[in-house]
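Q: Those protein sequence lines, which keep their order, are chains Y and F. Residue numbers 6 to 181, in my numbering, belong to the letters of the first sequence in order. Residue numbers 89 to 280, in my numbering, belong to the letters of the second sequence in order.
Calculated from the structure, these hints are not laboratory results. A quick note: this is a predicted structure, and the numbers were derived from the prediction, not measured. Warning: the hint list may mix true and false statements.
To be verified - Under the rule of at most 27 Å between Cα atoms (straight-line distance), these lysine-lysine pairs were calculated in the DSSO-like manner:
(1) Y:K126 with F:K269
(2) F:K276 with Y:K126
(3) Y:K128 with F:K269
(4) Y:K166 with F:K276
Unchecked claim - To spell it out: a stretch of chain F is covered by chain Y in this simulated footprint if at least three of its residues, at any positions, have a beta carbon under 8 Å from a beta carbon of chain Y; those stretches are:
(5) 115-126
(6) 195-201
Where a beta carbon is used, it is the ideal one built from N, C-alpha and C, also for glycine.
Each chain, letter by letter, is given below.
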Amino acid sequence: MPVQRCVQDRLYQEAVGTYGAALERLARAYEADPEARRDLLQEIHVELWRSFAGFDQRCTVRTWIYRVAHNVGATHMLRQRRSRSRLLIGLDELENMPATSGENEADRNRALERLLDLIQKLKPLDQQVILSYLEGLDASAIADITGLSPGNVATKIHRIKNILTRRFHAGGQDEK
Amino acid sequence: MRNESPNPNMTELWQCQPVEGIKMSVEEIRKRATRFEKKIMWRNAREYVAGGIAAALLTSFFIQSHDTLFRVACGLMIAGLAYMAYQLHCRASARRMPAELGAANSLQFHRNELERQMDFLRHIWSWYLGPIIPGLVAFSVQSWVNGHTRFLVAAFVNAFFVFCLILVWRLNVYETRCLQKRIDELAKAAAE
């Protein structure tokens, strides 16, 4: 049953207080252009607030927030892909892409840009798994958000960890 | 179970990235949500108004004309437009609810979205293009029977019309196949 408007406002305010930064990071992963990213973030906030009118407590608030953010983000990305003809790839292709480990990656910003670039190339589901993983969510929480089985999530996380390790720490050169 | 991270720097790098800390007040959110709803309402209203203007024009032709075939064509077009407007109204009311974004996990959500698109494509003939075809055909026949159009011109116009319909149909079939492929991929991912 839909919650009252004041509860909707309260849920939204609590959500933004706790997950505001995470929502910004997710928007950054889904949209590289700063102006479009700001619009996307505002869209996520509006949809989050609207969605809380129908929050039925069948999942945790955290799962609900991440689902809304990912569903809005992925819809935005697919819409953009249609207009920009961006090619999305799966984990198989990503594993086979050459690593550019020879470059000096001491610079955090540059490393972050590369990480974002890598994430933005992925298909929505893989993207959601990697983003949730980077946000520190556990396998069962990621399964709740994505709808994949926990076993499948664990496999994907394992592959993602390998890819990240290979692409960012090749040759034992850890980022500072 | 918490994920065992092989790479604390990576998650740290991600979580410690600078954010702008964009904050929106509830009032601002409400204003934006209202603006969004108005935008949808105006989009639908534009369709109704366009249909209404066309129906009004056809009604005036219907009243003024004494040609039975022409009146039949006008009547068929009006009925087709009315049916289209009714379907548009029903489909607009059945669009996605905001809570669906949080209630459905990613797989369900994307599957629902793809199925919605596929449903739209599959039934576009029965509610959007189909209802106006009898009226258009009747106009064409009326024009030819009354000698307003020469046979060759009428045949060319009708052949072009049929060609366009076939093109739309083929594009629809192709789009539907692509959507089905993506739905199958999602079903496979869910079953794994």
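Q: With a cut-off of 27 Å on the C-alpha distance, tell me whether F:K276 and Y:K126 pass.
A: holds (21 Å)
Q: State whether the coverage of the stretch 195-201 of chain F by chain Y holds or is violated, taking the criterion as 3 or more residues with Cβ-Cβ distances under 8 Å.
A: Coverage by chain Y holds here, the residue count being 5 at a Cβ distance below 8 Å.
Q: Can the restraint linking Y:K166 and F:K276 be considered satisfied, given a maximum Cα separation of 27 Å?
A: Answer holds: Y:K166 to F:K276 is near 23 Å, not above 27 Å.
Q: Holds or violated: Y:K126 with F:K269, Cα cutoff 27 Å?
A: Roughly 20 Å separates the two Cα atoms, so the pair holds.
Q: Hey, Y:K128 versus F:K269, does the alpha-carbon distance stay inside 27 Å?
A: holds (15 Å)
Q: Is the coverage entry for the stretch 115-126 of chain F by chain Y consistent with the three-residue Cβ rule at 8 Å?
A: It holds, with 5 qualifying residues against the three required.
Every hint, counting from the list given before, is met by this structure.
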